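With chain A fixed as given, assemble chain B onto it according to the hints.
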Amino acid sequence: MKVVVEEDKCVAAGQCVAAAMDVFDQRDEDGIVVLLDENPPAELADDVRNAAAVCPALAIRIEE
Amino acid sequence: MSIEDDTGAVAHVLVVGASASGLTTVEALRRKGYTGRITVLGAEPHAPYDRPPLSKQILSGAWDPDRAALRTEEMLTGLDTEFVYGDPAVGLDTATRTVRTESGRELSADAVVIATGVRPRVLPGQGELTGVHVLRTLDDALALRTDLLAGSRLVVVGEGVLGSEIAATARMLGLDVTLAGPLTGPLALQVGPLVSGLLAELHTERGVRLRLGNGVTGFTSAQGRVSGVELSTGEVLPADVVVVAIGASPATEWLAGSGLELDNGVVCDSRCRAAPGIYAVGDVARWHHEQLGRLIRLENRTNATKQAMAVAGAILGEDRPYEPVPYFWTDQFDAKLQVHGFLPADAEVDLVDGELAARRFVARYRSGGRVTGILGWNMPKQARQRRQEIVDSVPSPAPVPSPAH
Chain A
1 MKVVVEEDKC
11 VAAGQCVAAA
21 MDVFDQRDED
31 GIVVLLDENP
41 PAELADDVRN
51 AAAVCPALAI
61 RIEE
Chain B
65 MSIEDDTGAV
75 AHVLVVGASA
85 SGLTTVEALR
95 RKGYTGRITV
105 LGAEPHAPYD
115 RPPLSKQILS
125 GAWDPDRAAL
135 RTEEMLTGLD
145 TEFVYGDPAV
155 GLDTATRTVR
165 TESGRELSAD
175 AVVIATGVRP
185 RVLPGQGELT
195 GVHVLRTLDD
205 ALALRTDLLA
215 GSRLVVVGEG
225 VLGSEIAATA
235 RMLGLDVTLA
245 GPLTGPLALQ
255 VGPLVSGLLA
265 ELHTERGVRL
275 RLGNGVTGFT
285 SAQGRVSGVE
295 LSTGEVLPAD
305 VVVVAIGASP
315 ATEWLAGSGL
325 ELDNGVVCDS
335 RCRAAPGIYA
345 VGDVARWHHE
355 QLGRLIRLEN
365 RTNATKQAMA
375 VAGAILGEDR
385 PYEPVPYFWT
395 DQFDAKLQVH
405 GFLPADAEVD
415 LVDGELAARR
425 FVARYRSGGR
435 VTGILGWNMP
445 KQARQRRQEI
455 VDSVPSPAPV
465 PSPAH
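Heads up: the protein sequence lines correspond to chains A and B, in order. When we follow our numbering, the leftmost residue of the first sequence carries the number 1, and every step to the right adds one. When we follow our numbering, the leftmost residue of the second sequence carries the number 65, and every step to the right adds one.
Next comes chain A alone, as it looks inside the complex (with noise of 0.2 Å):
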């Protein structure tokens, strides 16, 4: 699994953080997703699944 992140799409609502923290963080001074794991091990995909799922700008994308 690959994941991707669109920074520019991003509003920062942190609801991917929520949803697996061990791959999604956000920076300090606006907010706006870090992603910490590109290729997250498989125990995380539902996880991961999850927070492209909540995301409400449709900033993260997954590649399976």
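Among the hints, erroneous ones may be present.
A few chain B residues facing chain A, derived, Cβ under 8 Å [as the list claims (entries may be wrong)]: (1) 88; (2) 95; (3) 114; (4) 139; (5) 391; (6) 393; (7) 400; (8) 448.
Facing chain B, a subset of chain A residues (Cβ under 7 Å, in silico) [stated by the list, open to error]: (9) 11; (10) 14; (11) 26; (12) 28; (13) 31; (14) 54; (15) 56; (16) 59.
Just so you know, these hints were derived from the structure itself, not from any lab. Everything numeric in this text was worked out from a predicted model, so none of it was measured. Virtual Cβ for every residue (Gly too), placed ideally from N, Cα, C.
Frame of chain A, contents of chain B only:
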């Protein structure tokens, strides 16, 4: 209300509304392994698109309209779902779960998901005038943009989230903008007096003229086109273009006679069920939030997604109450506000991070001895990190475990 589901195995799900919540319901069903038939019925001619950008990036022109699409055509095809556009639902037979459409289709399903959203409220007389707009759909946004590019004076009626965002976007496009409405400041109902006051300062600094605190009584016009907005004081605000953003009503007219309880939305139990095999999701749904112990309805983007995921689970037999901490954001000029929970107007507000003067802070709202909400102004991460305070502050278990219905 407690509804026994008698649907047994679900072989066909019909989603009424090709919206963010409708689409998310479909995606969540597929992700959870549902392989049966799905039909999505949309009133608008468009494939599902996203609404938050309409008052910002689409209205400003920063994005092409295509960019508001929620998914590519290829992704929609991958959902193995029949999408029907441009054919509004006009009736529901609750017992047989059959939906009738304007063009005469009759669709029956084992589970019906009502995702028809809301419709903007309008002022008397606005329908007869050109130059007076609402903003709900993509077509609304494009029509308003066309008028803004041709005009120079905009009056926005309505000081809520949508009206304030439109005022900011139009001002950044260079228009002369006046914001009118009965409350004392922008978002006064949503964020309370302190932050509303700061928003008023921001709008004023950036050149938006605030004419707040008075009702709007009507329009002036010339040759069928709006020429101004009349206030209860008698003052007329001259305008080439007017946007009316005074809230919205659940789109439930088509459910009249269905037997479903309609009261400021489709009334649902804690599983977002309105009747056996019938669910409601998104802006149109008013459901029993178990933790809060009352019915609530939320008009925001995050709820559209999360409630859709809950409904997909409920259709497939998961038995969990839907009880989110509400969340919305708004962008106005360089201010990005993030709101978690509820911010009652009479709440005690404490500054818990940052500084008001720096326009970078987190405020905590307390009411009845509990933390009900957190607001971040240009501090999204720090606000999110305090969301847990709201969760921890909710009394548990709910004082009345099974409310009478």
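*Measuring from the C-beta of residue 400(B) to each C-beta in chain A, is the shortest one below 8 Å?*
Status holds, d = 6 Å.
*Should the hint that residue 114(B) touches chain A count as held when the rule is a Cβ pair under 8 Å?*
For residue 114(B), the interface hint holds, since the closest Cβ of chain A sits about 7 Å away, which is under 8 Å.
*Against chain A, is residue 391(B) within 8 Å by beta-carbon distance?*
Cβ of residue 391(B) sits 7 Å from chain A, so the hint holds.
_Please check whether residue 139(B) passes as an interface residue: C-beta within 8 Å of a C-beta belonging to chain A._
With Cβ-Cβ at 10 Å, over 8 Å, it is violated.
_Closest C-beta approach of residue 28(A) to chain B relative to 7 Å, hint status_ = holds, 6 Å
*Given residue 95(B) as an interface hint, is the shortest Cβ-Cβ distance to chain A below 8 Å?*
holds, 7 Å
*Against chain B, with CB atoms and a cut of 7 Å, does the hint on residue 26(A) hold up?*
Constraint on residue 26(A) satisfied, holds at 4 Å.
*Hint check: is the beta carbon of residue 56(A) less than 7 Å from a beta carbon of chain B?*
Hint holds; residue 56(A) Cβ to chain B Cβ min 5 Å, cut 7 Å.
*Hint check: is the beta carbon of residue 88(B) less than 8 Å from a beta carbon of chain A?*
With a closest approach of 7 Å, the residue 88(B) hint holds.
*When the nearest CB of chain B is found for residue 31(A), is that gap smaller than 7 Å?*
Result: holds, 3 Å to nearest chain B Cβ.
*Double-check residue 54(A) for me: the hint is only fine if its C-beta lies closer than 7 Å to a C-beta in chain B.*
holds, 6 Å
*Return the status of the interface hint for residue 59(A): holds when the least beta-carbon distance to chain B is below 7 Å, violated otherwise.*
violated, 11 Å
Of the numbered hints listed earlier, those contradicted by the structure are 4 and 16.
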